[in-house]
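A.B. asks: Could you use the hints to bring the two separately framed chains together as a complex?
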Amino acid sequence: MKNKSLVSITDFTRDEYLRILELAAEFEKNPRQNILSGYVIATLFFEPSTRTRLSFESAVSGLGGKIIGFSESASTSASKGETLYDTIKMVSNYSDLIVMRHPLEGSARLASEVASVPVVNAGDGANQHPTQTLLDLYSIQKTQKTLDNLKIFMVGDLKYGRTVHSLLMAMSQFNTTFFFISPEELKMPDGYKMHLDQKGLEYYETNDFSEYVREADIIYMTRVQQERFTDPIEYERVKNAYVLRRNMLEGTKENMKVLHPLPRVNEIHTDVDTSPQAYYFEQALNGVFTRQAIITSILGIK
Amino acid sequence: MKDKQLVVSAIKNGTVIDHVPATALFNVVTILKLDKLETMVTFGNNLGSKKLGKKGIIKLSEVFFKDDDINKIALVAPSAKLNIIRNYEVVEKKVVEVPDEIIGIVKCVNPKCITNNQPVTTRFSVVSKKEIKLRCHYCEKITNSENIEII
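These protein sequences, in sequence, are chains A and B.
The C-terminal position of the first sequence is numbered 302 in my numbering, with every residue numbered one higher than the one before it.
The C-terminal position of the second sequence is numbered 1151 in my numbering, with every residue numbered one higher than the one before it.
Among the hints, erroneous ones may be present.
To be verified - Some chain B residues judged to face chain A by a derived CB distance under 7 Å, without partners named:
1. C1113
2. N1117
3. E1140
Said to hold, decoys possible - With a cut-off of at most 20 Å between alpha-carbon atoms, the simulated EDC-like pairs for lysine to aspartate or glutamate come out as follows:
4. A:K239 - A:E227
5. A:K159 - A:E185
6. B:K1081 - B:D1067
7. B:K1112 - A:E227
8. B:K1141 - A:D11
9. B:K1012 - B:E1089
10. A:K187 - A:E236
11. B:K1036 - B:E1062
12. B:K1112 - A:E72
13. B:K1141 - A:D190
14. A:K193 - B:E1140
15. A:K159 - B:E1140
16. B:K1036 - B:D1068
17. A:K2 - A:E113
18. A:K302 - A:E26
19. A:K187 - A:E267
20. A:K159 - A:E267
21. B:K1112 - A:E47
22. A:K4 - A:D15
23. B:K1133 - A:D190
24. B:K1054 - B:D1018
25. A:K4 - B:E1140
26. A:K187 - A:E205
27. B:K1141 - A:E113
28. B:K1107 - B:D1069
29. A:K145 - A:E28
30. B:K1112 - A:E82
31. B:K1130 - B:E1101
Keep in mind that the hints were calculated from the coordinates and are not lab data.
As the structure is a computational prediction, the values presented were derived from the model and not from experiment.
The beta-carbon is built from N, C-alpha and C at its ideal position, and this holds for glycine as well.
Next comes chain B alone, as it looks inside the complex (with noise of 0.2 Å):
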């Protein structure tokens, strides 16, 4: 009989980003550029959580962000976990933490901000972790967790 099973389960060296929100797993592939990749990835969503119901997972062969990189998802997926694998085995896991300053990948949520209007880059200022809320540096609005559209 043949096995029917896909070789997913395991990678030799690189990073697994566990317990995504299940629909925050896409955000995760556009914040982190993932689909620019060229080495192995492997998705699930909608897979069984006790945590969070669903929740998402990525394995990125050969794949590992540095601290500043990797903490950007803590906007959309604070719950996230990183296992970092050597040679088949965990030899580090690590939780994200949203960083002080956002530079790119939010909207702005005023329609009359400049970065919304002109080619200019997003920056804002995180002035709460918990529930997340960034302040534009150009026009000072308060973009909140429920309207954070990634760009």
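Same shape as in the complex, but just chain A (with noise of 0.2 Å):
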């Protein structure tokens, strides 16, 4: 993987996926090392990102690496017209590897072939955000000891969501069922269906989870907004269907585990939050392992 931009969840292989998750989990037992001391990252935050952001910050820190960058464009010169080509092409100068945010969709695919080092894409608009994805296949792997044959639930916005969408796509290496409970407006595409069809995988479709909730290993939530509603009744009508509480758990597998990408807003109701099977604060954790692990290995160091 040296050398190697990370853009897109599909650039890497089910192996490169593994390697990653390996390497998470030495850096989960050992995370303060000083081995990025004398690298310069990058943090190219061109729209605000708290979580995101604050994660590879951590990540590079924790590992004794400097980091240049900023959290807001208003303070860049790409509030003066400079275009993205011209700021890559500039901060290749000044460090070892860019990690990258930006509002336009395809901007990281940009930035990766204009850049002399590589650039992983920490969310380019609504189109892919890998980092995310590999450290959702570390939570699973970790709570669930295995990738394969498992019972993934995504609830909530299927149509909008790149989170599930780039999930979709990884864990459909691994002989997963997915079950799709969403609002009809927010169904599941029909390209991400067809994969599946094409992987001869198992997925159902429904608007209500109650009756197979029993069966899931992951239950993997979204956030339902109001504003992608066309009709403001039809939410009004929907919103709470898709909100997640505790005696909805009763009766489900011990191993079955509760993910969300964050921020939650009401989705998961607050009385989940003292459940075993809450995962999201931890999986939030696994992003700092995760992203030391994906710079690590595209800088040729692990």
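C.D. replies: Given below as structure tokens:
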């Protein structure tokens, strides 16, 4: 993986995912090492993202690396009209690896082609956010002890949610059975279902999850946003149907975990937080180890 | 009596692009940059055609295309047929074939794509040739035949 940019989850092979997860487990045991000393990592956040940026910066700092960059584009030459091409050319001269978030889709692919150093995509609009997917895989593997033959429930906004799309693409390499639970307006797009058909994987679509929830190994929650609905009355009608409450977890498997990419608004009731099946905050911590694994393997240190 | 017929019928050497759908003629002109040519060019449009209903035809004197260049028009005129003319004779007939990759020419359908917001040449891989589907190399969104817009 040395010098290979990570732009899209499909850029890495199944074996490469597994190698990253193995490394992430090593970093979890020993997250403070001085192996990035002398390296400069640029974190270019053209739009704000607290969690992702802090997670990357914590990952690099824990390994002794230096960080340069910005957390919003207002203070950069992009606000003066500089093109992304020029900004990336310049930052390539100052750093060993670029971590970038940008509101325009495809910006990370462009950056990876322009930069003389590898680029890690930390989110390009609604397109891709592969480090989130890898940390999701790590969380699934860690809690289930395997990635193979699992039953994954995806709940909420399955139409626009890039995290569920990337997770589906990645997990489709591990013989997963999927359950899609969403309002009619926010169903999983056909393109992804066609992909599962081609792979010969089973999936079920429903708008009520109580019927099947006992089978779940993972419940992956996402936020149903009001602005996605053309009809506000429809939103009011369905919004509570996709809120997870503790009593809905009764009778579920012991190994079952609830995941969420965060930020949560109200789609997981706070009474779930104290359940041993709630895993979303640990999931965020796993992001640090996973990002340490991604950065060090791309830099050729691990 | 004066002969009022225009002298457009035959070219000595060059290319005739026939069976262009009438609605696609001007896109073909744009894609092949025919407006920049200095040699003799003749167009006809909305001509009767059994196959297409209405068709366009373009006659280009002293112009010969490379396959890679002419295949670009398959995006808008998959039915187009080429006649290569040498010394008033048709020496070769060709059909066009959709290429595997399209660079430039087409605009990405996604308004939030980097190519629609910054000076970046568009690039697509052709995921379906029968019913044209182009996947943007950058934003990964699909542009299909009904929303193909020629730049």
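A.B. asks: Does the nearest C-beta of chain A fall within a distance shorter than 7 Å of the C-beta of E1140 of chain B?
C.D. replies: E1140 of chain B check passes; min Cβ-Cβ to chain A is 6 Å, inside 7 Å.
A.B. asks: Are the Cα atoms of K1112 of chain B and E72 of chain A separated by 20 Å or less?
C.D. replies: Since the Cα atoms of K1112 of chain B and E72 of chain A sit roughly 19 Å apart, the hinted pair holds (cutoff 20 Å).
A.B. asks: Does E1140 of chain B lie within 20 Å of K193 of chain A when you go C-alpha to C-alpha?
C.D. replies: holds (17 Å)
A.B. asks: Mind checking the alpha carbons of K187 of chain A and E205 of chain A for me, to see if they're no more than 20 Å apart?
C.D. replies: holds (8 Å)
A.B. asks: Given the proposed pairing of K187 of chain A with E267 of chain A, does the C-alpha separation stay at or below 20 Å?
C.D. replies: Given that 20 Å is the threshold and the Cα spacing comes to 17 Å, the pair holds.
A.B. asks: Would you mind confirming whether the straight-line C-alpha gap from K1081 of chain B to D1067 of chain B stays at or under 20 Å?
C.D. replies: Roughly 13 Å separates the two Cα atoms, so the pair holds.
A.B. asks: Does E1101 of chain B lie within 20 Å of K1130 of chain B when you go C-alpha to C-alpha?
C.D. replies: The hint holds at about 15 Å.
A.B. asks: Given the hint that K1112 of chain B pairs with E82 of chain A, test it: the Cα-Cα distance must not exceed 20 Å.
C.D. replies: Holds. K1112 of chain B to E82 of chain A sits at ~18 Å (cutoff 20 Å).
A.B. asks: Assess, step by step, whether the Cα of K4 of chain A is no farther than 20 Å from the Cα of E1140 of chain B, and give holds or violated.
C.D. replies: Satisfied, since the Cα-Cα distance of roughly 19 Å is no more than 20 Å.
A.B. asks: Between K159 of chain A and E185 of chain A, does the CA-CA distance stay at or below 20 Å?
C.D. replies: holds (8 Å)
A.B. asks: Starting from K1112 of chain B, check that the Cα of E227 of chain A is at most 20 Å away, please.
C.D. replies: holds (17 Å)
A.B. asks: For a C-alpha distance cap of 20 Å, please report whether K1141 of chain B and D11 of chain A respect it.
C.D. replies: holds (16 Å)
Checked against the numbered hints given earlier, the structure satisfies every one of them.
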